[in-house]
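Participant: What follows is each chain in one-letter form.
2 protein chains.
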Amino acid sequence: MADPTTSDARHGRSDRRRGGRTGQAAAARGIAQSPRRRSSLPFLALDLLSADQIESIHETSLQVLREIGMEVMLPEARDRLKAAGAEVRESRVTFPRELVESALETAPSSFVFHARNPANDLTIGGSAISFGTVASAPNCSDLEGGRRTGNEVDFRNFLKLAQVFNCIDFISGYPVEPIDLHPAIRHLDALHAMAVMTDKPFHAYSLGRERISDGIEIARIARGISPVELEREPSLFSIINTNSPLKLDVPMLQGILEMSARNQIICVTPFTLAGAMAPVTLAGALVEQNAEALAGLVMTQVVRKGAPFIYGGFTSNVDMKSGAPAFGTPEYMKAAIIGGQLARRYGLPYRTSNTCAANAVDAQAAYESVFSLWGAVMGGGNLVLHGAGWMEGGLVASFEKFVLDCDLIQMIEAFLDPLEVDNEALGLDAIREVGPGGHFFGAAHTLARYSHAFYAPLISDWRNFQQWVAAGQPQAHQKANQLYRQALAQYEQPPIDEAIAEELAAFVRKRKEEGGVPTDF
Amino acid sequence: MADPTTSDARHGRSDRRRGGRTGQAAAARGIAQSPRRRSSLPFLALDLLSADQIESIHETSLQVLREIGMEVMLPEARDRLKAAGAEVRESRVTFPRELVESALETAPSSFVFHARNPANDLTIGGSAISFGTVASAPNCSDLEGGRRTGNEVDFRNFLKLAQVFNCIDFISGYPVEPIDLHPAIRHLDALHAMAVMTDKPFHAYSLGRERISDGIEIARIARGISPVELEREPSLFSIINTNSPLKLDVPMLQGILEMSARNQIICVTPFTLAGAMAPVTLAGALVEQNAEALAGLVMTQVVRKGAPFIYGGFTSNVDMKSGAPAFGTPEYMKAAIIGGQLARRYGLPYRTSNTCAANAVDAQAAYESVFSLWGAVMGGGNLVLHGAGWMEGGLVASFEKFVLDCDLIQMIEAFLDPLEVDNEALGLDAIREVGPGGHFFGAAHTLARYSHAFYAPLISDWRNFQQWVAAGQPQAHQKANQLYRQALAQYEQPPIDEAIAEELAAFVRKRKEEGGVPTDF
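Chains as they are written, first to last, in numbering that gives the first Met the number 0: chain A, 0 to 520; chain B, 0 to 520.
Among these hints, one or two may not hold up.
Identical copies go unnamed one by one, so any copy, or any two together, can satisfy a pair.
Under the rule of at most 25 Å between Cα atoms (straight-line distance), these lysine to any residue pairs were calculated in the SDA-like manner [unchecked claim]: (1) Lys304 - Arg79; (2) Lys320 - Ala443; (3) Lys320 - Glu432; (4) Lys320 - Glu423.
Keep in mind that the hints were calculated from the coordinates and are not lab data.
Could you build all of it, start to finish, from the sequences and the hints given here?
Facilitator: Given below as structure tokens:
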């Protein structure tokens with residue numbers, strides 16, 4: 000087992016800016032991107048509903064939990080809930096108010112999510128905001144190759160992008176599903192790749208007890224820490240999607256049991272599409288989301304008081320003509336913002352997303368994404384999943400969209416940068432120097448600042464029309480394609496201690512030799 | 000002169016919903032768009048800076064006005080400012096604090112902007128938000144015709160779109176400059192077209208005393224009211240762009256003198272591009288914007304205490320590599336939001352814009368526009384100019400972008416619609432009816448609401464990938480093109496009293512016979 004002191008030294012824990020400098024060095028060689036940074040909201044998140052309205056959603060969801068309850072499909076989970084005070088009839092569990100309230104008391108309002116490179120540790124909660132990759136898409140696409148089924152090569156390429164782009168704070172899951180890896184061992188190869196190819200914190204799927212346990216072990220080995228240290232330092236997160244409405248299935252429950260027992264991070268995200276798996280009214284869908292999230296919270300705190308928990312919001316609407324899910328809609332924005340109000344009401348960290356339903360990286364993809372981000376940021380989201388690359392309501396991870404989204408994230412981080420309003424910035428002397436009718440291009444105040452005064456975009460083309468025509472009329476998605484190729488070319492595997500790399504490889508080899516996780520297909 | 004009572008009856012003033020029903024009837028025949036509505040912010044606008052920071056911008060701009068002052072190029076304007084307490088040395092005017100403070104006391108915090116159809120009257124101020132067309136582009140474009148110099152046919156086609164789309168509240172100016180109309184009579188034909196082809200409130204340019212006087216007269220005749228009534232009911236607005244830094248030119252000052260004397264609406268919008276016409280720091284650019292806007296405010300209130308005034312914000316940055324203006328950037332968003340804080344500090348209505356610098360209706364056009372709108376909405380903008388159709392930093396009015404922006408505006412208006420959170424909406428009974436593991440498609444709660452539950456987009460394509468491919472992989476700008484053609488086809492001139500139409504035509508004919516406005520080229 001690795002010595003934690005050695006581990007600290009290995010990872011340069013004494014120099015918190017190491018990741019930052021690495022990022023800047025990479026930028027000097029390749030894509031001119033924003034430096035690595037930590038963002039937080041410099042303003043209060045938006046209260047779209049009144050406190051009374053938030054209370055009525057809260058009270059109605061407590062009533063749902065008390066009177067209707069949840070289907071809890073794992074007997075062990077039911078037993079533990081019952082022991083904690085829930086009522087159990089067959090698979091149905093109802094939750095008294097006190098059980099929910101006591102869980103709300105013990106869940107932490109913020110915590111640190113640890114990466115193998117401590118410079119990439121994330122604070123989850125408060126006003127901090129972090130952005131992750133796309134996750135769980137069954138397909139991927141780029142301009143040259145078109146739309147194709149997920150595979151290991153594309154999976155690894157997305158990990159490279161996640162490592163190269165400074166604005167990506169964490170790996171949300173498999174950016175695209177590597178379908179060509181057998182399900183028995185897919186999680187081993189995929190998590191191994193995440194742990195080695197990137198040094199940012201990552202996610203493991205709650206697909207039964209063995210897979211999530213393997214994920215925890217890989218996260219622990221990658222950080223070079225002991226099981227005891229792991230329990231002090233959350234180093235892995237897992238999304239729990241309820242089977243909305245009001246159902247928690249066996250593999251997800253096993254995920255909570257394993258993860259919370261070891262003080263790892265659980266984010267419960269009900270998939271409450273209004274009109275399909277939830278009431279057609281947004282208020283009703285939010286009641287259901289809230290009830291399911293609180294049920295998940297109770298489960299984590301029953302397993303281990305104080306276990307890190309994130310309130311996940313994913314409420315959107317469906318197209319009532321076709322039943323197709325819609326994203327980045329006005330309803331989505333409202334739900335994202337109100338979800339944040341509920342999370343703040345409870346003092347819980349909040350997870351939201353950057354979504355769109357577009358089939359092409361066109362204007363629709365961009366406006367749905369910025370509307371999503373508007374909801375995420377003004378809602379006070381702490382963790383923005385699917386931050387970069389999500390298309391087609393999650394069916395596709397797009398390489399071009401990934402880069403486009405990195406530009407959007409960088410813009411938001413620049414927007415969130417507090418503005419300097421000191422005497423120098425107020426610029427009275429510069430205004431006096433230039434005077435009426437002049438211009439500021441040559442002013443001393445300008446010359447001292449022009450190179451870093453403004454956000455420099457990755458993609459936006461600000462050439463005039465004539466220059467742009469002469470350049471072949473490139474559109475945003477074409478520039479994004481070129482940048483994604485460039486990012487792949489500049490990727491370098493982040494340094495990893497040789498002993499840790501060997502231990503990781505050995506663990507994966509052993510688990511494969513054992514047959515991985517039995518599958519029934 | 001028309002009798003106001005008759006005028007009321009003619010315009011159906013007793014039925015405030017007339018415009019609404021007309022819009023719905025049009026929708027039934029053509030494009031399925033949102034009904035005509037009035038939007039307002041259901042939440043507080045965002046405070047990005049602290050009150051102290053806002054005060055330091057305020058105080059520094061007062062210092063600019065006191066110590067540096069403005070070049071005021073019209074002698075009559077200088078005389079009136081001097082009589083009111085300003086100091087004048089040659090063309091330079093400096094403003095004592097008391098003069099600014101007294102102007103702030105008399106300017107109204109809100110007022111009604113009257114249209115010839117009273118159903119289209121706008122409240123300007125408070126939490127109300129209204130969206131206008133693109134204005135002042137020298138070129139226009141569409142997919143078939145490409146980019147071309149502005150002309151009367153395209154100008155009139157934009158007016159048709161402005162009338163057809165319910166979300167367009169006012170005409171911001173000439174959507175595209177009808178270059179083929181001689182400058183001596185261009186304003187007459189263009190304003191005549193606005194007054195007849197639409198029944199929404201509109202703008203006249205402050206290009207000298209005669210043109211703005213003609214504009215006021217056309218607005219008055221179109222409403223069928225007397226000069227005295229016109230002074231009670233602001234019926235025209237004019238944008239005053241300062242020659243930043245710190246200069247007010249002759250035609251603009253003549254505009255203020257004429258408009259404010261007759262109690263018409265002046266919106267002073269400094270064109271303060273940080274790094275070019277304003278300090279490279281955003282705080283400095285905002286100091287300059289604020290000083291220039293306050294100088295314009297003083298001018299209006301010196302002419303007539305209580306004259307309606309709108310604080311205009313347009314601060315953005317330039318690309319420091321090329322000097323090209325940038326829009327929809329992080330800096331632009333911050334400036335839009337802080338501009339709103341300043342306007343609220345003064346209790347003045349606030350004008351902002353929907354901008355972008357893109358050369359094509361691609362992802363860039365969409366993300367820059369939504370970022371702009373994010374700034375406009377969260378900044379509490381009351382009047383959003385260039386709401387639909389603006390491209391290339393204002394050099395092009397795009398027909399496809401117009402429709403795309405209408406979709407964005409409709410989405411924002413749907414987002415601003417207060418959410419229902421009553422017992423019915425909370426949906427406890429629906430959740431009980433469906434129960435765990437079911438779905439809501441067939442629930443009574445859903446069936447009663449599904450047809451109007453969610454925003455129906457104009458453009459967004461939510462078909463799945465296979466259906467979308469089968470349809471020829473249409474992109475957002477192609478759908479927008481088809482909708483703009485459809486909107487032109489469904490345009491009908493709004494009803495106008497025959498006597499008024501004749502009076503308007505006679506006025507324009509007479510002014511043309513007089514030679515319009517002499518030009519020196």
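Participant: When Cα atoms must be at most 25 Å apart, do Lys320 and Glu432 count as within-copy, between-copy, both, or neither?
Facilitator: Classified as between; 23 Å across copies, 62 Å inside a copy.
Participant: Which holds for Lys304 with Arg79 at a C-alpha limit of 25 Å: within a copy, between copies, both or neither?
Facilitator: Only inside one copy: Lys304 and Arg79 sit 13 Å apart there, 74 Å across copies, limit 25 Å.
Participant: Reference check for the pair Lys320 and Glu423, CA-CA at most 25 Å: within, between, both, or neither?
Facilitator: between (57 Å within a copy, 23 Å between copies)
Participant: For Lys320 vs Ala443, is the C-alpha pair at or below 25 Å within one copy, between two copies, both, or neither?
Facilitator: between (60 Å within a copy, 17 Å between copies)
In summary, the structure agrees with every hint in the numbered list given earlier.
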